[in-house]
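Asks: Each chain, letter by letter, is given below.
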Amino acid sequence: MPEIGTDRWVAEFESRRVRREGPWGRLVDWTSRHWLGLFVVAAVVYPFVIGGDFGIRVGVNALLLAMLAIGLNVVVGYTGLLDLGYVAYYGLGAYGYAFLASEQFGIHLPTLLVVGVVALAVFGIGLVLGQPARRLVGDYLAILTLFFLQVFVELALNLDRLDLPFVDGPVSITGGPNGIAGVDPMEIFGFRFGQVRDYYFLLLVLVVFLIVGVTNLARSRTGIGWRAIREDTLAAEHMTIPSGRLKVLAYAFGAAVAAVSGTVFAAVQLGVFPQNFTVALLIVVYAALVLGGEGSVPGALVGALIIAMVPELLRTPAGARLLFYGGLAVAALTLVKPRRRLLVVVPGIVATGLAVRSLVTALWPDLVDVEAAGMVDRWVVRFVPSADVVVSVLFIVTIAVVLGIVAVRRRGAKDALVVVGVYLLVLVWENRLVEEPSITRQLLFGALLVVLMVARPHGLLGRPRVEVV
Amino acid sequence: MEFFLQQLVNGLTLGGVYALIALGYSMVYGILKLLNFAHGDVYMVGAFAGYAVLVAFGGPTDPRIPVVVLIFAMFLAGMAASGILGVVIERFAYRPLRNAPRIAPLISAVGVSFFLQNAALLVAGARFRSYGTAKMVDPSTGLQWGPLRISIIRIVVILSAVALMVVLHLLVKRTKLGKAMRATAYDREAAAMMGIDVDRVIVATFLIGSVLAGAAGVMVGLVFSRVFHFMGFIAGLKGFTAAVIGGIGSIPGAMMGGLLIGLAEAFSAGYISSTFQNLIVFGLLIAFLLIRPRGIFGVPEPVKV
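As given, the protein sequences belong to chains S and B, one line each in that order.
Going from the first sequence to my numbering is simple: count from 1 and add 764.
Going from the second sequence to my numbering is simple: count from 1 and add 61.
Hints in this document: simulated from the structure, not taken from any laboratory.
Hints should not be assumed to be uniformly reliable.
Claimed, not checked - Only part of the chain S face toward chain B is listed, based on derived beta-carbon distances under 8 Å: (1) Tyr904; (2) Phe965; (3) Gln1206.
To be verified - The calculated label-pair distances, taken between Cβ atoms and stated as ranges, are: (4) Asp1141/S with Ile295/B: 22 to 30 Å; (5) Val1124/S with Lys234/B: 28 to 36 Å; (6) Arg163/B with Ala945/S: 37 to 45 Å.
Stated by the list, open to error - Here chain B is said to cover these stretches of chain S; the calculated rule only asks that three of the stretch's residues, wherever they fall, bring their Cβ under 8 Å from a Cβ of chain B: (7) 876 to 886; (8) 1005 to 1013; (9) 1041 to 1053; (10) 1159 to 1168.
Beta carbons are placed, not taken as given, at the ideal position from N, Cα and C, and that holds for glycine.
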């Protein structure tokens, strides 16, 4: 006898859930149910394990990125609005904090008031600038918001020598390219934030609040409405969902979240600078969101942590080497199939290296740096600094060979290309990439984005969705 | 009046360049509905390829071949390099994502753009390169028309931009390939059912768009003489603005939009303030998107349910 007023199908949802089998499956299941607790424990322990200010600063950046990604998830992941101006609100938050708590205008308001005012103000700005979302769809909204960001950057860069009526001399509002330095540290209930660690825990609290809030919001009527709009705006409207209002709300909500993280960002680095709020950051936030899988809060969190932490490993040459050769080994393992062909490929790589080295040393002895004496240097050719052009050309050739590996299907040819490609990669790496760590990071980041999208367009934790066309 | 005409010429030169970039954006969007964020960087690579040829033949001061041939070779190299690059990008970064969610190719494009910028930084270094056109061609030669003087290099740039656009127009309107492109842009599935090899049409679109961008890169190098790894971003953004103002997906629209942006930029730099020159262009775009989102030549697409 079915109970009246109870939806049996919904009530029995938990019991119908398919459990994963085996100890590994149980672990995965358990992790996916307790991810927030696990994250909090790990995040609380992290600063004590890592020690050192630098490690904590990395943690702060990761948490800031997580906040941004989770906020963006509401706009892009839930509601499906492609907001490419998101970073502008982060910047507005940071500049807002700097205006109200620094010597720029000589205003020093209490922190909580500043954060509240900035969040509300940016929410309001979001409500206004979000209006076009009612009418513009898809890429047109993306374009428009991208230009909001550009306008913000231009304003931040150029509002430093403004001639205003009734004021003598040019007025600097944003400080131009130099930004505003000397922003007050935060102070909440008499507690003055002195160290990076203080901000770390503040951010942790904020992130947890945000996660709980957004998860609950997603289950509310509003959240369901957002996702309905994402799936099919027209159908949602027919279900009496006020799509225009909800879109603007999602847009403004994301803006407010970004603004709050912006205030913390301004306080933690004690200043705001226009170059912090450009398309580069936008790409990083999107990468974090898409890496984790849009529409998934744990996905946004995991994506942000990966994007913020992994590149830090590339900062030291030792860490970068480890990551590079590790990645190379994994790539070789996945590319060469069946695995026993590795027995030919690996010696082939070694032999190629030795052969090329002796050949180059014999033909163009003045190009080779014989002083280099590392273990790898005895195998790979180390060029003298004046052979710059050769390395540049080899770099381009390497890209071509790597692309060739992807394109070629025939096994023999593929293996041959793998041999050449791995050798060339090591060569270019040892000769050039190791010496330019910051460029290398960006380069690998770009390549990674493409590879990731091609391999897993739905992100790590996202579920494939059926797109209604 | 003289100043006005000078700015007009400036605007036309700039506009020609923006139009060529805009065409690539517009054609790709028309067919794939993809914002090809890497397009600006394709243009940057074209400019660098032109520079490489210039250096290979002895640099601007004493080139080993006649200047006319050299400039022609630079154009060819820039167009070839960009064309190949465009096809490679399509093959490896976009084709696997044909049926993925809309945001995936967008992110992939951003990744390509990042990769290309940093690859150029790695290969060519961070400093500005200059074509040194003034050393190659005497800047005082050219048309003298009252107080107005147009240097020969500007004439070459404007004329070749116009020539390229005419060729493109004929290609799209008169050839079989052009017909296939128009059909694919109109409805990809239906075009495939009519026996059009859609993949080949897409490759051709990328090739043509990228070749035009490469030509634009060399033109900018010749006239404005600054080539660097990040030049693609702002130029791409403006070309893109031009495409949107003209009505994205529309070829005459891209040409009109490019000219409009070029003129707006030249006149706002000349008459209002060069500090806010970008701001004015972006403001124009925002206003346009709000009032007429489909652009000048765009036709509203009916929503199918």
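Asks: Does the CB of Phe965/S sit less than 8 Å away from some CB of chain B?
Replies: Result: violated, 32 Å to nearest chain B Cβ.
Asks: Taking the CB of Asp1141/S and the CB of Ile295/B, does the distance hold inside 22 to 30 Å?
Replies: Violated - the Cβ-Cβ distance for Asp1141/S and Ile295/B, about 41 Å, lies outside 22 to 30 Å.
Asks: At a Cβ distance under 8 Å, does chain B reach at least three residues of the segment 1041 to 1053 of chain S?
Replies: This one holds; 4 residues, not fewer than the three required, reach chain B with a Cβ under 8 Å.
Asks: Okay, the segment 1159 to 1168 of chain S and chain B, do three or more residues pass the C-beta test at under 8 Å?
Replies: Result for this restraint: holds, n = 4.
Asks: Are there three or more residues in the segment 1005 to 1013 of chain S whose C-beta lies within less than 8 Å of some C-beta in chain B?
Replies: violated (count 0)
Asks: Have a go at the Gln1206/S hint: is there a Cβ in chain B nearer than 8 Å to its own Cβ?
Replies: Interface hint status for Gln1206/S: holds (4 Å vs cutoff 8 Å).
Asks: Are 3 or more residues of the segment 876 to 886 of chain S near chain B, judged by a Cβ distance of less than 8 Å?
Replies: violated (count 0)
Asks: With 28 to 36 Å as the target window, see if Val1124/S and Lys234/B comply at their CB atoms.
Replies: 54 Å, violated
Asks: Do the Cβ positions of Arg163/B and Ala945/S conform to the proposed distance bound of 37 to 45 Å?
Replies: Holds - the Cβ-Cβ distance for Arg163/B and Ala945/S, about 41 Å, lies within 37 to 45 Å.
Asks: Please check whether Tyr904/S passes as an interface residue: C-beta within 8 Å of a C-beta belonging to chain B.
Replies: 5 Å, holds
Hint violations for this structure: numbers 2, 4, 5, 7 and 8, all remaining hints satisfied.
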